[in-house]
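Peer 1: Below, each chain spelled out in residue letters.
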Amino acid sequence: MPIKTGVSSFFWAILFLLAFPFPASPEPTLLNASYEPTRRFYSAVNKIFTEHWRAEHNEKVSIYQSHSGSGAQARAVSFGLEADVVTLALAYDIDAISERAGLLPKDWQKRLPENSTPYTSTIVFLVRKGNPKQIRDWTDLTRSGVGVVTPNPKTSGGARWNYLAAFGYALRNNGNDETKAQDFLARLYRNAPVLDTGARGATITFTRRAIGDVLIAWENEAMLAAEEIYPGEFEMVMPSISILAEPPVAVVDKVVDRRGTRALAQAYLNFLYTMTAQELAARYYYRPRSRQAAEKSKERFAAVELMTIDQFGGWAAAQKKHFSDGGAFDQIYRPGK
Amino acid sequence: MAEVAAHASSVFEQAAPQEVKLPLSEPPAVRVALIVAALGFLVVFLIMPLLVVLTEALRQGVQAYATAIVEPEAVAAIQLTLLTAAIVVPLNVMFGIAAAWAITKFDFPGKSFLITLIDLPFSVSPVIGGMVFVLLFGLQGLFGPWLFAHGIKIIFAVPGIIIATLFVTLPFVARELIPLMQKQGTDAEEAALMLGASGWQTFRRVTLPNIKWGLLYGVLLCNGRAIGEFGAVAVVSGHIAGLTNTMPLHVEVLYNDYDFVAAFAVASLLTLMALATLAFKTFLEWRSSALLARPRVH
Amino acid sequence: MAISLAAGRFRQHSIIPGFGLTFGITLTYLGLIVLIPLAVLFAEAAGAGGAKVWAELSTARTLSAFRVSFGSALLAALINAVAGLLVAWVLVRYDFPGRRFIDALIDLPFALPTAVAGISLTALYSGNGWIGSILEPAGIKVAFTPLGILVALIFVGLPFVVRTVEPVLRESGKNLEEAAALLGAPRWRILYHVVFPPLLPALMTGFTLAFARAIGEYGSVIFIAGNMPGVSEILPLLIVVKLEQFDYAGATVLASLMLIASFILLFAINLLQAWTRRRQGG
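Going line by line, the protein sequences match chains A, B and C. At position 42 of the first sequence (counting the first as 1) the number is 42 in the working numbering, and the numbers step up by one without a gap. At position 149 of the second sequence (counting the first as 1) the number is 149 in the working numbering, and the numbers step up by one without a gap. At position 235 of the third sequence (counting the first as 1) the number is 235 in the working numbering, and the numbers step up by one without a gap.
Keep in mind that the hints were calculated from the coordinates and are not lab data. Even for Gly, the Cβ is constructed at its ideal location relative to N, Cα and C. Wrong hints could be hidden among the right ones.
Stated by the list, open to error - Derived pair list, reagent style DSS-like, types lysine-lysine, alpha-carbon separation capped at 30 angstroms:
1. B:K153 with A:K106
2. B:K281 with C:K174
3. A:K254 with A:K106
4. A:K47 with B:K153
5. A:K321 with A:K106
6. A:K60 with B:K281
Said to hold, decoys possible - Quick list of simulated restraints, FRET-style, between CB atoms:
7. B:P27 with C:L21: 57 to 65 angstroms
8. B:V30 with C:E178: 44 to 52 angstroms
9. C:S172 with A:E233: 42 to 50 angstroms
10. B:A149 with A:P113: 31 to 39 angstroms
11. B:W200 with C:R100: 36 to 44 angstroms
12. A:G102 with C:L271: 51 to 59 angstroms
13. C:G139 with A:K254: 41 to 49 angstroms
14. C:N128 with B:L275: 38 to 46 angstroms
15. C:W54 with A:K254: 47 to 55 angstroms
Let the hints inform the model, and build the full structure from the sequences given.
Peer 2: Okay, structure coming up:
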């Protein structure tokens, strides 16, 4: 009967395909939960790291990646996403994992050099070719008729760096008057037609969906779009002042102890500080921490005056004041109007 | 009828010597216009999207296409998609047959309510279909703490994807079988039973052949949806490339990382699967009608 | 035998076996996969409290999402009703080269994954796409606008009307048409009074199915929509945004509201269908 043969051959075909190596392997694996823009970077890192590990330990390992908005990832890990390491956009998100789920100790940031941040970035503007709206600095983002694209601070790490950089500028320009600075931010976010979940979503909204006149983005995101993906279509504009964005990395203790992958996880994160990885970071538009690598790549990155998170009292204070439920951001952002 | 026709035509003949055609169809000009309009609509909404997938996938040549397909993350996505379909479809077929049997061969109160319940996943947005399982099995959810304590991973792992897909594709087989079996009634089965067949024999020899086309169509729809489900799986998956990304999710990941050719390459595989499904169904229908049309020797 | 005796009070006596087994399977499966999860959904939403429900419902963003989702779905279903009727008519009543091929292809939106539809429609309608490059210079922007949402919803709902109308068209003989023709009616009257009315219930069924599908559609829309709150943000996307912010209360409230609204609409359409069927004498 034709149906019977058809159906049974279909299922045989499936079984045949499933017979091929299935990655439910006994070999050691690591899961790296990261934020959105790092996919290419960690793809490259993982390839080199697994080769190094095989050369050194004669063991094949697999590194899996999960990418989403930094805040969203932090909560996913707290809610059961079994990540051996987290490489997120800002320290607070990793603090949150520690606080909420107790998966790593409170002093995690001291365990690796440079505040557990092997590379840094900053916040810049991306505009369309020719800069038709003449965007030069943060004030231009509050002009009427300027569409600003930036992600959602509730889910994206980059979005929070964006917000604080703008806030820091507004404070400095208004003699540290917080109310005036809040007004500034309110005007900026009123110019934002949409807030994507993550930094990459915002980049896509600006570049592919052609929404808005200026994108506030990680420097590495902007450079990737402007130089590699859409060459000639966009320009990068450095604001007068920006923020030192430090995306930290950490081992998730409870997970690696349960899975027995602590040595592998620590080696993986230590690898990020080696010259190979540092040069790779520069190639993917991150500012390397290593002085040597920074020297080599210094033409790539423009000099800009940088504020730090300490100006805002550290991440815990900043998160509480601005990004918690009912905080400053919730006061100023009323979408859909 | 014949007399009326004859009378009518004779009336017409008397009135005017030339032949008058009965308006049994639209004038040719209208017919052509309608065909063109229908085909135009279909070309724009059906054929062009198909062609675009293939064109974009091959934009950088066959080599780039092949590389995208055999990339480990893509292969893992293909395997996960096929595994999901292989588990979900048979389960929903079993459910569909059971539900259709209970509903169409028996009479009981609340039947239409039951049918509405079965239709529920069909009218629910797939996003909600995924969300309900996060509420049930996520760490913050109903069974979360218990599952976590016992090391059982459902959300952010393969079982969650399978359950979410099960939810979304649940009605497809049942919805095809129920109206069909309702129309067929219970006569054939009752006759078989009275002639001494057992329940299973009746089902296999009498019911199954009668419903085979509905069942096949239901299987194809269920399979198509299981392979292509996006919204529900996106919510439960955890976005772990190489582990919990099905093919549609992998397409999104590639697309959002500017890997357009790779995204369309994987998409083209999905498209080919869809076309193969349609071709298979058409082939079987053609075979069956060819069998029916064979001249009988009396 | 005990099962059928007990069930005999619940259902009418029948010689057909298997009720206990099949009914049991049906209820268990349905209960585990559909009822319990949905119950949890409603429980969470109810647990959020009336104030939260009202707060969610009354924000401009939520109202706009309802408007975008239900409005686009309605329009798409209407377009599919008209176009689907046309396509079904042409496929059943006329013959032309490639008819069987096209007929087989109608099921494509059923078989094609929504994400694939999403990226291919986006490629088609964006500024440098085959259709977009013609429409945009003419001032019609489809990709990343509410119009794009409409296009995606038309695609996913396309087969419903065609597949429900086709069998009815096929089965209806030409007798009534011939009688009307013999009695002197012109073609358009025949179409309007004789051919069309029996198709109405099937047409409405197809419309309802397309509408229901379009309301909840997610995968194909998010690629081609602008996803801007207040303009082109569909309800399922708003739910996902809330989920990603881990605003479970908000997400469950919205999901429940969406479910209830869909049900009311579908129920109303089913009533309308039954009324139409009665008017036509069954």
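Peer 1: Taking each numbered hint in turn, which are not upheld by the structure, reported in ascending numerical order?
Peer 2: 6, 8, 9, 13, 14, 15
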